[in-house]
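J.: Here the protein sequences come in this chain order: A, B and C.
Here the first sequence stands for residues -3 to 328, where the numbers follow the numbering used here.
Here the second sequence stands for residues 779 to 1291, where the numbers follow the numbering used here.
Here the third sequence stands for residues 3 to 324, where the numbers follow the numbering used here.
Please note that the accuracy of each hint is not assured.
[Stated by the list, open to error] Simulated DEER-style distance windows between Cβ atoms:
hint, chain 1, residue 1, chain 2, residue 2, range
1, C, Leu304, A, Phe18, 22 to 28 Å
2, B, Arg964, C, Ala22, 50 to 56 Å
3, B, Gly1150, A, Gln130, 49 to 55 Å
4, C, Asn116, B, Arg909, 32 to 38 Å
5, C, Thr42, A, Ala107, 52 to 58 Å
6, A, Gly176, C, Thr238, 20 to 26 Å
7, B, Ser1173, A, Pro164, 51 to 57 Å
Read the hints as simulated data drawn from the structure, not as lab findings.
For every residue, glycine included, the Cβ atom is placed at its ideal position computed from N, Cα and C.
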Amino acid sequence: MIDAASSRSDSRPAASFDLFGFLARYGTLIALLLLIVFNLFFTRNFATLQTLNVNLTQVCTIVIVATGMTLVIATGGIDLSVGSIMAIAGALAPLIFLSPVFGGNVALAVAVGMAAAILAATLCGLFNGWLVAQFRIQPIVATLILFIAGRGIAQAMTNSNLQVFRVPEFQWIGLGRPLGIPVQVIIMVALVIIAAWMLRRTRFGRSILATGGNERAAELAGIAVKRTKLAVYAISGFCAGIAGLVVIAINSASDANLVGLGMELDAIAAVAVGGTLLVGGRATILGTLLGALTIQLVRYTLLANGVPDAAALIVKAAIIAFAVWLQQQRRA
Amino acid sequence: MIDGALLSMRGIDKRFAGIPALRQASLEVRPGEVHALIGQNGAGKSTLIKVLTGYHRRDAGEVTYLGRPLEANSPQQAQASGISTIYQEINLVPLRSVTENICLGREKRRFGLLDWRAMHQEAERLLSSFRVKLDVRRPLMDFSTATQQMVAIARAIGFSARLVIMDEPTSSLDEQEVGVLFDVIRQLKTNGVSVIFVSHKLDELYEVCDRVTIMRDGSTVCSANMTEITKLELVSQMLGRDVSKVAGHATAFSRSATDGEGDVVLVAESLAAGQAVRDVSFRLRRGEIASFAGLLGAGRTETARVVFGADRPRAGSMSLGARPFAPAHPRDAIDAGLGFVTEDRKMEGIVPDMSVAENMTLALLPRISRNGVVDEKRQREVVKRFIKELGIKCSGPAQKIRELSGGNQQKVLLARWLAMNPDVLILDEPTRGIDVGAKGEIQRLIRSLSDSGLTVLMISSELEEVVEGADRVFVLREGRTVAELSGEEITEERILAAMAQGHVAHHDQEAAQ
Amino acid sequence: MNRAQYARLVGTYGVLIALAALILFGWWRYDNFLSAFNVTTVVRYNAMFALIALGMCFVIMTGGIDLSVGSTAALGSVAAAMASHYGMAAGIGGGVGAGLLVGFVNGLLVTRANIMPFIATLSTLLAASGAALLLSKQTSVPISPTSGFMLVGHGMLWIIPVPAAIAIIAYLLGAILLNYTSTGRTVLAIGGGEDASRLMGLPVARVTFLVYLASGGLAGMAGVLLAALGFAGQPTEGVGWELFAIAAVVVGGTLLTGGSGSVLTTLAGVLLLGILFNVLNFENGKGWISLSAAWQSVVRGLFLLAVVLLQARLTRQHTRSA
C-alpha cells in the first residue's frame, strides 16, 4: 500500500542537479568521446578510414540485432532467440540461392532466398510474440524455446554442413562498398534511423513505450497491448534475419553452428549500456547504437594497446553491471 | 495490567515528508474483545496499524502493551511479542503447503532436520481449533480465500498471538465464508485473544465487534460500544458530517443550472461481476452528473471497470444510446464514446516515463495520426490547448509526467479523455490526493463540462462532492444499487441512510440482512 | 481432482514417466542401450550438466536466474587443471573455489546492488569467460597426469563412475537441504512471494545470497569434472550450458517464476534431455533413419514448449485464485 503522503514526495524539484540522472543520460556518450580522445593520443593509426571501417563492420550486426532488441525490451520483454534466428536465416538463404531450381537466374535466386530467409526469421519472431502475448509466458522462457530449437532447425536444414558459396550478387550486402561505405553499414544506419523515427514519431512507437511503461494504463487508454507485443518480437526476428544474411555474406559461408552464436548477449549488453530501461517504458535506439559502439571501442582500444581480448571481456562485464546499476540509482 | 487494557496507544503522531498522517491518534483494546477500527480511505487506519506493528516509526506518543511500553521496530518483533497482522491481500506464499505457511519461521526439528510429521500435526491442530479440517500437505492456492485467511489466522495463533489485527478480512469473501470467519473470531475471543477488525461493511461490525474506534483525517474521533452507536452515527462520524446540521458549501460544485431531464444515454441492468458487483442497475441521462455513492468495497470502481470494458460482467446487460453495449476491451468503450479516469492514478493512469504530451494523447493516437505517423502539429495544438484550458502547471509539453504534482497529473489524465470529446466520462475519485486549489478547479471543470452536454459518472468517497455536485445519485451497498436519488432528494441524510442501512431499498432482501 | 491439481501432477511426475518411457523404449529397441558401457558413458557425461542444473534449480526456485554457470564451469575447469599439479584435492579445491568466487560476486550484485539477476549474471558470464581465457592464455590447460586428478573424471566407485557418484551425492544433499531444512523451505518461500516472506520474518537476503553462492560452487565442480574428463581445462567450453540447464530445470517441472520445484525431477529433466540425445545416436546407428544430432535440440525445444505451455496454464490458475 502506498501512502498518499509518500506519493507526493516524489515530485522532485527540477532545479537541483541530478548527478545520477545526468550520468545515466549522457554517460555513454561521454564514455565514447573519452575513448575516442584517448585513442587519438595513444593508439597509433587511430584516425584512419581503415580503423573506422574495421570497427563499424565488427559492430554492424550487433547494432542491427540490438535495434530489434531495443524495441522488445522497451515493452518490458527480452529476446534470447536472436542468435538462433540468425542461424536459421543464414542457413535458409544459401539453400535456396544455391539450389538448381532457378536454372542460373542468379538475381531471382538471390531475391527469393533473401526474402524467404527474412520471412522465416520474422515468423520465428512472431512465434515468440505469440507465446508472450497470448499465453503470458515470461519472455525469457518463451524465447528460450527458439534459442534451443532454432539452432537445431538451422543445423538440420543444412545437415550441419558448412555451406560455402561465391555469389557476388548476394555477398554485396556484406562486401559491397558503394562510395567506399560498406553496404552493411548503410543497412545498419538505415535500420537505426527507421527504428528511431518509428519509436519517436509513430503511433506504434507510442504503443511500445506505453506498454512497457505501464501496461495497465496502456490497456485502459485503448492501446492494443497484445498486438504491440506480437509486433515487436516479429520485428526483432526480422532484424535478426537481416543480421544473419549479412554475417554469411561477409564470411562467404554459412555455418549453422556458429552464425549468431552469443549474439543475444551482445545485443542485450548494447541495449543496457545504451541507457534503455531494462524493465521497459524508456528506450533509445540511438543510445543502443552508442552502447554498441562504446563496447566495441573499449574492446578495440584494449586490443590495440596490447591488452588481450579476454581482459576486454571482463571490462565489458564491469561496464554492463555499472550501467545498469547507474540506471537503478536514477530510478530509486 | 493497568486499567484492564491489553493495548493502549496514546497521542500518536506520524508525518510523512512533513505531512501529518496521524494526529494525536489513540486506540485502546481490552483483552478478549473484538475492536472495530473504521474510517474513510486516508483516515489513517493503515498508518496507525503500521505504527503498532513496527512497520512505521512513530514521531510522538506512547504504546503500552501488556502493561509495558512496546518498542517494536519491525513486524517480526511485533510478532515475537504476540501481535500478528493478517493483511487484506493475504501475505502468505500461495504455492507452498498449508503446513509451511503456518510453521515457516518456527519449524520443528528432529536430529537437526525438519520434522514434517510433527509440523503437519501442529498445523492440523491449530486449524482444527477453528473446526477447519483440510489436507495440510496441499498448496495454499488450492483453497478458497476464506480458508487461506484461516491459515493466516492459524499462523498468527501459532506464534501465540495475544492480539490479531485483521485488515479488511472479508473484502473478498462470500457470505458463507464470512460466517465461518466470524465463528473463528468468536473462538479467538473465547480463548482470550483480542482482535482489531478493520472493515467497511457496517453490518459485519455489529455482528462480530464489541467496540469501535472511528478515525478521520488522522485522528481518532470517537470510541464507543457497538451496542451504543447507530449505523447512521457511525457513518456520520466517519465522514465528518453532522447529520443534524446543514453544512455550508464545502466544494466548488454547484447543481446543474438547467432543470429538466435529458435523454437516457447509458443504461445498465442488473450488472454482476466478480465478488464485488452483485446487482447494479442505473440510467445516465445526457448532460447530467451522476454519482455512485457508497462505502469502500461497495462495488463502485468494479462497476465502472465493467462499463468501460476492462472487466467482463458475469450477468446483466448494458445499452448505449438504445443500442446494446457489451465492450470486450477498453478500445470498444472508447470507440463508443466513453472515457475513464481511474482511481489509481499511479498504477492505471499515468505512464510515468512518458511526457505530458504523450500521456495526454495516448487515447487520441488513432485520431491524430495519419498512416500510423503521429501528426506532431495536431498533437501540439491539442496539448497546448488543454494545458491552457485546464491550467496545467508544467515546464512544457515535453516534461515527464512523473515530475508533476498529483493535481496536474490528474488534469493531464482528464485532458486525455476530454481530447476525445466523449459522450460519457467516468471519473473515479477525480479529486483524491489532490491539493485544495486544484480540487476546486477540477470540480468547476466537471460542472462546466456537464453543462455543455457531457454525461459524467462520478465516483467519490467525499460526501460533499456527491451532495453538492451530482444531479443524480446511485447509492451502492455491498455490490447492489440500493437507492437512486435526484434533484432535491439528494441530501447527506438520505445518502448516509442508504449507505448505512440500505434504506429506500430497491431490493427487499437487503432489509432482511 | 480439479484442473490445477491435474496440471501440477503432470508437471511434477510427467517428466519421470517420460524418462521411464524413454528408457524402456531404448531398452526395447537397441541391443546395447542398457549395456554397462553405454550407461556409464551417458551418466559420466551428464554429471556435469546435472551439477549445473542443481544449482540453477535452487536459483530459479527463488525466482532468480543464473546465466553465468556455463562460463563459470569453463573457468572452474581451467582453475582445476592448473591446480591439479599440486594434487587431486588442490585441483578440486581450485575449480570449486573459482566457482564460489563467481557465485559470491553474483550474490553481492543481486542482494546488495539490487541488480536484476538476469543482468547481474549476464555480466559475470562475460567476466568469468574472460578470466578463464586470461588464466589459460586462450588454450586448453593440460591436467597433471600423475596427481590422480583424472580419476575424478574417469575413476569408478564400485560400478558407479566417479562423476555420477559426485552428482548423486550433490543431489541427495540438495534434496535434504530443500526438504528438511528451514533454509530450503525459505528458498521456496522467497520464490513464492518475496514480500510475503519478508513479512513472515524470513532471512530473504541471506538465503538468496547463499543460493547464488551454491550455484557458483556447483558450476565450479562441473568445471572440475570437465577438466578431469577431457584431461584439460577448457576455457571455451560451456557456451550455452546455462540455457540447457534452465531447460532441464523447466522440463523437470520447476516453475520459472519460482516458489515451486523439486530436486529429483530436475535430475530427471537432465537425464531426459541427455538420454534423448543418446537415443537419437542409437537410432542413427540402426541406419533406418538418419536424424542428425541437430534434431536433439529441436526435440528439446519442443519439450520445453510443451512444459512451458502447461506451466502457463498452471500459473494462470494460480493468479486467478490468489
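J.: Hints first: check each against the structure and report whether it holds.
T.: We went through each hint and held it up to the structure:
1. Restraint check, Leu304 of chain C to Phe18 of chain A: a C-beta distance of roughly 49 Å breaks the suggested window 22 to 28 Å.
2. Under the hint 50 to 56 Å, the C-beta atoms of Arg964 of chain B and Ala22 of chain C, about 52 Å apart, fit the expected range.
3. Roughly 23 Å separates the CB atoms of Gly1150 of chain B and Gln130 of chain A, a value that falls outside the hinted 49 to 55 Å.
4. At roughly 45 Å, the beta-carbon separation of Asn116 of chain C and Arg909 of chain B lies outside the given 32 to 38 Å, and the hint is violated.
5. Checked against the hint of 52 to 58 Å, the pair Thr42 of chain C and Ala107 of chain A passes, with Cβ atoms roughly 53 Å apart.
6. For the hinted restraint 20 to 26 Å between Gly176 of chain A and Thr238 of chain C, the CB-CB distance of approximately 36 Å leaves it violated.
7. Between Ser1173 of chain B and Pro164 of chain A, the C-beta spacing of about 56 Å keeps the proposed range 51 to 57 Å intact.
The earlier numbered hints that this structure contradicts are 1, 3, 4 and 6.
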